[in-house]
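Visitor: Chains as they are written, first to last, in our numbering: chain A, 18 to 351; chain B, 18 to 351; chain C, 18 to 351; chain D, 18 to 351.
Keep in mind the hints are simulated off the structure, nothing from the lab. There's no promise every hint is true.
Since the list can't tell identical chains apart, any single copy or any two copies may satisfy a pair.
The list that follows gives simulated cross-link-like pairs (lysine to aspartate or glutamate, EDC-like), each with its CA atoms no further than 20 Å apart [stated by the list, open to error]:
(1) K336 - D169
(2) K61 - D38
(3) K61 - D156
(4) K336 - E205
(5) K336 - D35
(6) K61 - E44
(7) K336 - D156
(8) K336 - E147
Small disclaimer: the values here were computed from a predicted structure and weren't measured.
There are 4 protein chains.
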Amino acid sequence: LIRFALFGCGRIGRVHADSIDVHPRAELAWVYDPIESAALEIAKQYGAAAAPTADAAIDDPSVDAVVIASATPTHVDLLTRAVRAGKAVLCEKPIDLDLARVDRCWTEIAALNPTVMVGFNRRFDPSFHEVHDRIAAGDIGRLEQLIIVSRDPAPAPREYLATSGGLFRDMTIHDFDLARFFVGEVVEVYATGANVVADYIADLGDIDSAIVVMRGADGALCQITNSRRSVFGYDQRLEAFGSEGMLSVGNQHQTSVRLSNATQTEAAPEYLSFFLDRYTPAYRAELDHLITAIEQGSQPSPGFADGREALALADAALKSLRTSQTVRLRSAVS
Amino acid sequence: LIRFALFGCGRIGRVHADSIDVHPRAELAWVYDPIESAALEIAKQYGAAAAPTADAAIDDPSVDAVVIASATPTHVDLLTRAVRAGKAVLCEKPIDLDLARVDRCWTEIAALNPTVMVGFNRRFDPSFHEVHDRIAAGDIGRLEQLIIVSRDPAPAPREYLATSGGLFRDMTIHDFDLARFFVGEVVEVYATGANVVADYIADLGDIDSAIVVMRGADGALCQITNSRRSVFGYDQRLEAFGSEGMLSVGNQHQTSVRLSNATQTEAAPEYLSFFLDRYTPAYRAELDHLITAIEQGSQPSPGFADGREALALADAALKSLRTSQTVRLRSAVS
Amino acid sequence: LIRFALFGCGRIGRVHADSIDVHPRAELAWVYDPIESAALEIAKQYGAAAAPTADAAIDDPSVDAVVIASATPTHVDLLTRAVRAGKAVLCEKPIDLDLARVDRCWTEIAALNPTVMVGFNRRFDPSFHEVHDRIAAGDIGRLEQLIIVSRDPAPAPREYLATSGGLFRDMTIHDFDLARFFVGEVVEVYATGANVVADYIADLGDIDSAIVVMRGADGALCQITNSRRSVFGYDQRLEAFGSEGMLSVGNQHQTSVRLSNATQTEAAPEYLSFFLDRYTPAYRAELDHLITAIEQGSQPSPGFADGREALALADAALKSLRTSQTVRLRSAVS
Amino acid sequence: LIRFALFGCGRIGRVHADSIDVHPRAELAWVYDPIESAALEIAKQYGAAAAPTADAAIDDPSVDAVVIASATPTHVDLLTRAVRAGKAVLCEKPIDLDLARVDRCWTEIAALNPTVMVGFNRRFDPSFHEVHDRIAAGDIGRLEQLIIVSRDPAPAPREYLATSGGLFRDMTIHDFDLARFFVGEVVEVYATGANVVADYIADLGDIDSAIVVMRGADGALCQITNSRRSVFGYDQRLEAFGSEGMLSVGNQHQTSVRLSNATQTEAAPEYLSFFLDRYTPAYRAELDHLITAIEQGSQPSPGFADGREALALADAALKSLRTSQTVRLRSAVS
């Protein structure tokens, strides 16, 4: 059994606790949260112990891996300490909002050859994953155009958004990684945005809608559409267009019921409403991937570098938004 | 150019006039209707002449073919006269409501080796036709089960239904022919029905809903569901289930628009509303088939015998409805 | 916690063990199977004890409920003993293959006011359940026609089928219950069948394909299509047609991926392949329903009488198949 | 009857000849093409006269309207002469490849208050039109994001592309107009492109794939994806996302047949293959709109200014492609 310590007992922490709980080869040993009651509640529910301090869990030699689902500013410190303690790490996105801090973190831990996975769960969504595998199998020839639509059902509250790092680092970062999953390295980014959803988002200096255009190193064009609000539910779709065909992923429904009546036909019920519904299988497959990597001594993917690159794309998008120009990446990289 | 005379200038007569008009190798020469104003109106619209009598059109040696779209009781007489005059005939269904009369008609004309086509337009619907061709091409292996759903948007008025011959001879007859198109000869018929749509239908001694089960000579089972009323529009679907797959035909929409909002997702607009919309291409392909048969001297299909057999199935269904027993056909046929 | 004993550790027994395991208010105490190794394996996997005899489990006063997932001939005996021991019972379908034996069983236990649920899991499928609820809410007006398509991916082996009771009692019985879920009491049954799938089924005197037509007491017509083999996977669909609309349930896919290429468009991947995939949520909801009924002291549904009625419909269908006549039910019932 | 003269007897000229032919209130009087045989063939097919010169048709006082479907460089001259002769004009897109020449043309004819319609047929596609009307009716609240996918089945030959004006002026121009149909005036354009389809397109200095991002004056973001090649057929889709819902337009199939077999499920046949199939109803509705405008003395839409603006967007996109910057429009317009 792989023994886990979980940092952060909020909404996303619960998702990971549940994934660990149902995995046949995993065990939740410790949970930690600065809000003790939150830690105690999860500890009780899953039969784990609430750690008095983060170090109490990190220093437990019986712990194999830690999941970092705490507030973003704590990620780098916890990740660094866990790596130094020899633990495998699953770190929620983003690693940090500051790319320089992320790079310093890597400088500190690189020599330890750490096992670090970043929580870009969309890669493990069964539909997206199938598209990835079928492209690799040649189903659509060469990938030429990738269209990602990603819209949340409703904007997070002001308090959350105020420290979120903005749309690109908080929400689009999933789509940046998903794009990289399909097109590989990105060499150009263009972004534009709008404020149409909620005034408080504009007040924060953030946008609530965006379109991003990217070019991959192999020439594929990629396009992302975001909105903080979709009244018909969580809108998570993708089209991969290639020289020999197209694979598309549609939204998923609660049931397969359709209604036809005097005013409409074949109307479906609501979509799976948010990430806890749509991406539950993805979170579980993500954890399974890490556990298998730990067991086999291999590197999990997406890794630290992928977390770094998605953040770099978010920064590039923000620069493009501000300058109205295409931002080129990697010119100095060989 | 194939020159046509059209008998009957009602709703279905107009459909045929229009098909003749747009066909590049056909010409509407004469139209006849006992209601002179109806004939004059169509004659004027399509540049044809209104015949003072049916014979005036039948006896015109320049006429190649007649379309019989008049009231059902007139079919046999017109058909017989047209065949004797050497014309090719497209006769709307049913040939007659009385099977014995149909058989006597055939006795009279058989020796003339007539070119007679019966207006079972569904065989020419592009979707049904594609299913037929793909079954023949082996796409689903051996056909084992055929499910036909056929529902009208709203019941015809009492006056029409009173002389219609009842649900099986008036409406299901299309489905009987469609079933024969796919499964060939039918050896068993079972039928049941209900009155749930309109009281005046029950008052007429007719049913407004039915389920029919049939068995083809090759062992395929076939099932038909009918209703005289479907609030969501003309419901015309088919599933052909075979040993290696299934081909299905869904309803067709006015447009490809779909709406998702806070209460539903992917709702389509109404279906093509009735036979004039759904089967316009079928009526045109039907006429083209006849014209090509005339030009090539071949026999069109479905022919007189198909019209006879569909009526025999309607009679068998009625017998089954009354006896609650399976009716076996062809026992005396060798 | 509701403590369960499980009888039968085969494929379906595992499904129930898993449902009990993941239910937050249930606990698997005992498992029993005449094949001791099967019992030991499940006991180990779920932390239960393997009972040396069925009675050892039934007589344990700490056990609240038993799940009977053993061979059909053992159902009545186990059910009777469990009821006498005061346990709630979830009995897999059918209660027995012999209607007289079922009725004798009820005579023996009726006075005990037993809590017995029969495992007609389809009632708990989220899609079917939604249709049921929406009909009750008036979404389609009065239900007039119900079409059920139910096809297994591949026939069970000869050994299984030889003691299965035949297509109607083994497979259609689920559809009989599903029909009753929607149309209530059934007053007429007609059935026909065919042998097109596998010779060994015919050798057993059984059919492998069937069409059943029924009439509900309130006048709704119902139609069931069955096959023992569907190459495109488990085919489980339903259409409820009413005076004001239609609700339909389609098959469900592994993913929402669609492929368009030079030879086809919008092709979906395979359907959820068999009942373990399609009906996992149904099995869990079924168990939850029983647990809630036990906790609240209410009667679970479908109950013993529903298990009896579905079997009676299977017998009626068999009689109809043999006589080619409609079989009327309940004429002597008041 | 509105009498038409048609200039240009190539592929698109035939489409218009056909639309005129089937319109009940239109008549094709003259056709002209520098290739006399092409003119004679269409003249014969539709019962029109082949004009010896363009002027012979323009100067015929019985002609009400001209359709300009000739080579792009001839458009401005023919349009100007037709307007001076008092004719209504339907001019195929683009008016010209040179925006300055378009503006000079307008300077010359503006005082004549001409009736000029530009052939942006997509506005008349029943599905796109329905979306437009339903947005106006409030079905999705305020329009926030518009996604247009527009891909041709296969690239035109080198000879055509060499004088086409490039992807934006030749192909995307339809999408620019469609975007304006929905979002109104466009204030920002960004474009990027790629060469992945055919080397000869790159050799011509043109791109074969593109992504365009635009912002409307009211804040809506718009995104266009183009490719010169789609192996699964003509790909013409649109999504209009708003504050209260989304309306989408999918591709349209030849038939409603779907195939499920051992390797896939619900596979549809090919899409309507190219503009002659997909947009036939649009071309007819476009012509009907012009005829109605002539009859009523109203201005048809899209008009000359719309043709001018779509070209201006194409030029802006080209500028953005070359500079990697957002191009702002209308800054000098008041």
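Visitor: Quick one: which hint numbers does this structure break? Sort them smallest to largest.
Guide: Going through the list in order, the structure violates hints 1, 3, 5, 7, 8 and respects the others.
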